[in-house]
Amino acid sequence: MARYLFSRLWQGLIAILGAVLIVFIAQRLAGDPLALLLPMDASEADFEALRVELGLDQPLLVQFFRFLQSVLVGDFGYSYQWQTPALDLILDRLPATLELAVAGLLFAIVLAIPLGVFSALYQDSWVDRVAKVFAMLGQAIPSFWIGLLLILFFAVTLNWLPAYGRGNLSHLVLPAIALGWYPVAAMTRTLRSAMLDILQSDYIRMARSVGLSERAIIWKYALRNAAVPLATMIGVYFANMLGGAFVVEVVFAWPGVGRTVVEAVFNRDFPVVQAGVILSAVVFVLVNLLVDLSYGLIDPRIRHGR
Amino acid sequence: MSTNVLEVQDLQTHLHLRRGVVKAVNQVSFSIAYGETLGLIGESGSGKTMTGLSLLGLLPRPAGRIVGGSIRLNGRELSQLNQATYAAQIRGKEIAMISQDPMTSLNPVFSIGSQVAAPIRRHRHDTDQTALALATEELHRVRVPSPALRISHFPHQFSGGMRQRVIAAMATACRPNLLIADEPTSALDVTIQVQLMDLLDQLQDESGAGLLFITHDLGVAASLCDRVAVMYAGSVVETAAVTDLYAAPAHPYTRGLLASVPRIGIKTERGRLFSIPGTPPDPLDLPMGCAFAPRCDLVKDRCHRESPPLIDKGGREIACFEVQ
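Each protein sequence line maps, in turn, to chains B and C. For the first sequence, my numbering assigns the number 7 to the initial residue and increments by one for each residue that follows. For the second sequence, my numbering assigns the number 90 to the initial residue and increments by one for each residue that follows.
With the rest of the complex left out, here is chain C:
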C-alpha cells in the first residue's frame, strides 16, 4: 500500500513538568493519504496541538518527549530523528505548519519577502535573488495583491487575513507533502475564514499534499475535512469519514460533543444548551481505564479497569467497549 503520506502508530508524547508527567498524547494512531484532509478535533487540552508538534519535532523543550510509537512519513521513521536533521530535511520541506495566530506568527523586524524566501533559500539552496523572485511567485499564488511591491513591506503593514496568506505561502513554498494547520481560522473574521479555507483547499489540490487540520470548531471541520479523528484527554476516541461521523456519531464523547453544538431553531429541554456532565480529567492524573468513563452514560465496570483499544468497525474506528 502506502498511498498514505503519514502513518502514526501508538504515538505517546509526555510532558515532564515540575508537578508531574502529563501524558499529552496517549497511544494515538491515525493515517493521512495524499490529498486527504484529516480533521483532528477536541477540546482545548485534549492533545491536538501536542500531536501536531510531535509530528514537527517541535515539542516544548526540555519538557516534551516522544516516549513511544512511531511516526512514518512516506515510510521514513521520524520519531527518533535529531533536531538538526529534522530542521534540514523535514520541516518546511516535507512537513510544514500553518500556525494559529497570524498577528504574532510573522517576525516584526524582517520584510515579508525575506521571510517567505527564507525556507526557499534553506531547502533549495538558491541565491538570495532567485529565492526572492520565487517568494514573489509564492505570494502571487496565495493571492496577495501586488506581490512585487509587497515583498519589501513588513508584517505590520498587512491585515490579519493577508498575514495568514503570507504564512501559508511561507509554509507551502517548498511543496511539503504534509501540511499541518493548527487552528488557522480561529483568530480570523468569519468571511476571512472562508477565504482561507478556500485557499487551503486550492493549495492542497495543487500539491496533492495531505492536510492535518487541527480545530475545536466542528463546523469548520465539517466543511473542510474528508475524515475526522476525535481526541479526548490525549487519546483518539473515534475516527470516521466526516459525513458518517456527523450523521451518526458512535462514541459517547463524540455524541456529547455534537449534541453540545447549539442549533438555531431547535429548542432543547427547558431551553438550555446541552453540555456533557462533569469536566475533563486532570491531565496529571488520568483515571484508570477509559478516560471518558467518569462522564459517560454507558459506563460499565470494565471501563474503569481497562482502556478500550481503537477498533475498526465498518469503515470507522471506535475506542469504546459498549459501542463495539
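The shape of chain B in the complex, shown without the other chains:
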C-alpha cells in the first residue's frame, strides 16, 4: 500500500508540473500583458522599462524556471487588476467552489446509488427505464440550461429557494443540482452493470445459500463490491466538477474560483489565471489521491498489494 501510494504521489507531482508548464506556455501565446498594464499613450521606453521589471525580456527558459521557483514558494505575483496577491484571491474563492462541488457530488451520489441498485434489481423493467431517462436528462441538458430552468421554477415561480449568491444551505440547493445532475447518468450505469455482475457471482449465491436476508445481500455484500468502480467514477467527476463549475458559478452568481479565473482570462490578469489553474491541478491530484486511498479501504486485495 505504501509503495502504491508513493507511486501515485509521484505521478501526481508530474501531473502538477505538466500543468505548470502548460499554463506557462499558454500565457505566452495569449497576447502581450504590457498592452493591458500600460496606458494607451505609453512610450516605447515605458514598455521596455516594464518589460525588464517583470522579467519578460529574459529568454523563455529562464522565465520558466523563475516561474517554477516562485510557484514552489506559493508566490504567483500580484493581480494586475486588483493589486492583491493572486494566490490570496484564489484561496479566498476556493472554499466556495469546494462547497459547491462537494454538494453537487453528494447530490449525484445520493441519486445514483438507489437508481443504479434498483435498475440492476429490476433490470429492463419500468424502474430501469425511468432511471435511465432521468439520468440521461442530466447528461443531455447543459448545466447552464438546467440552472436557468431551476431558477425559473423553484426561485421565480414557486419562490422556494434563492436564485443566486452564496449564504446558507438553501443557497446551495439549486446550483448543486445543476452541477450534480450531469454525472448521475454515468454513475448509475456504472453501478448498474457492476451490480448485475456481482449479483450473478458465486459469493452472492453462497450468501443466499446460508439464508442471509436479501436486504443485507444487496446493500452490504453486493454494494461494497460495486463501490470500487463507483469510487473511480466519483473521483473523475469530482475533479470535473471542480474545473467545470464555472458555468454554474456564473449562472448562480456563485463567488467561486471558476468565475474569478474566467474574469481574469478576459482581463489578461495572468497571475490570477496561473494561480487558479495550478491550484485546480493541485486539488485535482489530491482528489485522485483520496480516491486511490479509498480503493484500499474498500478492497483488501488492493490494500495488500495484490
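For the record, the hints were derived by calculation from the structure and aren't laboratory data. All C-beta atoms, glycine included, are put in the ideal place defined by N, C-alpha and C. Where hints are given, some of them may not hold.
Unchecked claim - According to the in silico footprint, chain C covers these stretches of chain B (three or more CB under 8 Å from chain C): (1) 40 to 51; (2) 199 to 209; (3) 245 to 254; (4) 299 to 306.
For chain B, the structure is supplied; the task is to place chain C on it using the hints.
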C-alpha cells in the same frame, strides 16, 4: 417412518427461457435418511445442480420455477414457501450448500470472520462478538490453522483448500439437517480433495445430517456415498446402494456410464475408450417416452411412446421397461 430428513416426490422444475421451456428436473423422486449420503451423479446438464437449487429455493430468477411435486424436509413442505421464509427459516439453518468453486464463493471484500459469523448472527440472533467467537470455533472445527488470527484475514490470503474449509464452516455453522455439496471437489487438487472428503465425513458424523453429494465423478461418489441416484436428461434413471450399483449397474445408461470410466491395465476393443453412442438430447426438445431411448441398445417400440416410471426392484429403483 420418517427417519428420512428429505423426501422429494415427483419434483418438476422448469426453466422458462426465451427459446422455450427446459424441463430441467423431470419427475424426480428420492429420499435421504439422517446420516446418509446420497450421491447425485450424471453428466453436465443432466439436472443435478437444478435439483440442488430447487431444494434450496435458489433457482435462477425469473426463469426457474418448481411446477410440480413436493419437497419435504422433516415432513415440512418446502416447494410452495416464499423467498423471505426460505431465507429466514430454511437456508443456512435447515439446508445449506457447499458450492462448486472455492476461489469465487467467498466475498473478496469481507473478512473471513465476518462471513462465517453472518449465518450465525442471522439464525441465532447472537451479538456480533458472540457470533465472531462462535465463528472462530467453527473454523477450528473445520481445522483451519490458528483460527483466532485467521478470522481477520480476507479470502485472497487463503489457499483453495482452506477456502473450501471456510465455506464448509459457513455452511455448517448452524448445524443444518441437510447439506448439499455441489461438485465441491472438482476445483481442488487430488490430495486436497481427499482432505475435503474426510472433512465432509467428519462434519456429517458429528451432526448426523443428511448429505446430498452432487458430482460427475464416479470415483468420488463411490468412496463417499451410501447410495447413488443416477440422473439423465432431468430424470433419475436408477437409484441403488453404492456397492450394488457399481457391482451390477442395471439401467442401460448406468451401464454405459460405468463402462466409460477408463481403467488402468484393462484394454478395450481396438484400444479405444468406450463411449455411449449418440449425444444427450436437446433439453429444449426432449424425445417422447424414455429420454435415453435413442441411445439405448435394448430399445423397444414402447420406449419411444411411454416414459418408464421409477420402480422398486429388490432394494434398488430402476426406470426402464426392459430391465424391470
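Hint-by-hint comparison with the structure:
1. 40 to 51: Per the Cβ count (0), the hint is violated.
2. 199 to 209: holds (count 3)
3. 245 to 254: Coverage by chain C is violated here, the residue count being 0 at a Cβ distance below 8 Å.
4. 299 to 306: Since 3 is at least three, the answer is holds.
Consistency with the previously given hints fails for numbers 1 and 3, ordered from lowest to highest.
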